[in-house]
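Trainee: Line by line, the protein sequences are chains A and B.
If you're matching positions, the first sequence starts at 8 in the working numbering and goes up one per residue.
If you're matching positions, the second sequence starts at 23 in the working numbering and goes up one per residue.
No lab work stands behind these hints: they were computed from the structure.
Glycine included, every Cβ here is placed at the ideal spot set by N, Cα and C.
Keep in mind that the hints are not guaranteed to be accurate.
[Claimed, not checked] Simulated restraints, written as ranges between beta carbons of each label pair:
{"id": "1", "chain 1": "B", "residue 1": "265", "chain 2": "A", "residue 2": "53", "range": "27 to 35 Å"}
{"id": "2", "chain 1": "A", "residue 1": "19", "chain 2": "B", "residue 2": "30", "range": "37 to 45 Å"}
{"id": "3", "chain 1": "A", "residue 1": "178", "chain 2": "B", "residue 2": "274", "range": "39 to 47 Å"}
{"id": "4", "chain 1": "A", "residue 1": "8", "chain 2": "B", "residue 2": "238", "range": "39 to 47 Å"}
{"id": "5", "chain 1": "A", "residue 1": "47", "chain 2": "B", "residue 2": "50", "range": "38 to 46 Å"}
[Stated by the list, open to error] Taking beta-carbon pairs under 7 Å as the criterion, some of the chain B residues facing chain A (in silico):
{"id": "6", "residue": "88"}
{"id": "7", "residue": "91"}
{"id": "8", "residue": "92"}
{"id": "9", "residue": "217"}
{"id": "10", "residue": "221"}
{"id": "11", "residue": "224"}
{"id": "12", "residue": "235"}
{"id": "13", "residue": "239"}
{"id": "14", "residue": "240"}
{"id": "15", "residue": "242"}
{"id": "16", "residue": "244"}
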Amino acid sequence: MIWVEFKKQWRRPRTVITFAALAVFSVVLTVAISATGSGTVERVGDVPLLIVPGTSGLSVPVIALSSTMKFFLPLAVAIFAGESVAGEAGWGSLRYALARPVSRAAYLATKLFVALVLSLVAIVLIPVAAVVAGTVAFGWHHLVIVNGAASTATHQVVANFSPGLVLGYLGVATAYVAAGMMSIFAFSFLLSTLTTRPFVAVAGGVSLTIVSRVFNSDYLPGVAVLNPYMPNNDVDLWQNFFVRPAVTSGMAHFLVLQVVYVVVFLGAAWIWFVRKDILT
Amino acid sequence: MIGVELVKQLHRPRGWVTLGLVAAVPIVLVLVVGLSRPTVAERLGDYGSVVTNSSGLTLPLIALSAMLLFLLPLAVAVFAGETVAGEASWGSLRYLLARPVPRSRVLASKAVVAAGFSVATVVVVVVSGVVGGVLAFGWHPVTVVDLQHTTVFHVAAATFSAPAMVLRTLAAAAFILATLASTFAFAFFLSTLTTRPFSAVAGGVGLSLVSRALDNVPGLHALSPWLPVTDSGTTAWTGFFTSPPQTTDVVHTLVVQAVYSAGFLIAAFVWFTRSDIVA
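Excised from the complex, chain A in its bound form:
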């Protein structure tokens, strides 16, 4: 059943295009950096981390993960989760799929598992492609990062990371980003069971990232109290691995928050789907 679902999803152009677009993003980013000034300092994230990309290929995955975690990765995850059930309904094949002697819960679990695996592959693809492309372009060297927050005009706070250490941090960072995508994944999946139009489920999932960004005290006065509970706000905390000493505060809170969102959304999806009147 899971295998059938994998084969079905893999044959859809949407899956292949999403993967290809994410891999191409890392490559294009590398080419753009090397073409327009790999020797200049890039400010990454809110810290900010100051990195000269040309000094090490391992700067590219840091930049690529930073620049995809707030929109492009949520979009990819929402595509896989939002397509899962609504895609069948949109094709009109859901009722036939459910006519097989399989419980709805098992069917939903299969859909969930396959969409989850595809999403995780999409998330891992970004740093992996970026490490390869970056290393080819700029070489396998130590990564030097200046902490932009702690540095002053007269004194730079510099940290030097060995390639192996950067890879280790990137692994943890990718896992953290993947965990941070789960609220969006679960919400898209819930919408996917509610609607028969995949596009609505995808757009709804992406809208969670918009909610996070709109209810941000940088733009809107008086919402600072809500910020710690926004589904996508603190997904950038992994950048604090690359300051010395590494800061991990807030990460556990964010992961617990993701668990709460996932339990609520997936619970609602399950309750809804096992009782739903399937018309398409």
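With the hints as your guide, set chain B onto chain A.
Mentor: For chain B alone, kept in the frame of chain A given last:
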């Protein structure tokens, strides 16, 4: 034709609901700011910072600044995206076009009315902000701290009289409208492509999201000046509130908007005048 379209849209609740919601946002902000943090300085874009309860005339700026990230693009995309796709989803598009009027005129009148509602949206935000702000905090001059020139040792600030603030706020509102033009034009173009208004609206908002996401990629700076929606472009109006005004990005932003808007609108007209209408 424009009159017919205007009457039709005025009878639909959508426009009124949208305008009502955007009018409510500054009022809510007045309440939040008045109740919880009246003396806290709020930051506006890259250039200025204002102390809220010093004058009610800060409220329209704070409201515009808060809404231009998402709510204003959404409102504009709703008006533009509903135009043709709305008719198509009702199934009334083919009857509309059966009238002895060229398709380009039908499309032009829809564009004009949707643009009118979009202008009204920004005007409503400004008026609601001014009225709510002045009622709560009064009609006083505003002191804006110039963030770009303020250091630890020196606070650079400029004070504007109340009428000068109103004039500059109107200029800012006009500029913000211009930065919404590409979103409007793209949603309008999508509206001629699809029969589902939701897709056109989401696509229009999606343009601003994708554009901002690309704008914020470190390493793609070369691309930023040519994107339709950027952080520096949409907040360039905050430079109006320094003395002297800083208008570095303004002309460039307007040119980029004009090019994108023209491109999408031409595409909409070319497509719509040739498309096979089945809905």
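Trainee: Return the numbers of the hints above that this structure violates; sort them in rising order.
Mentor: 9
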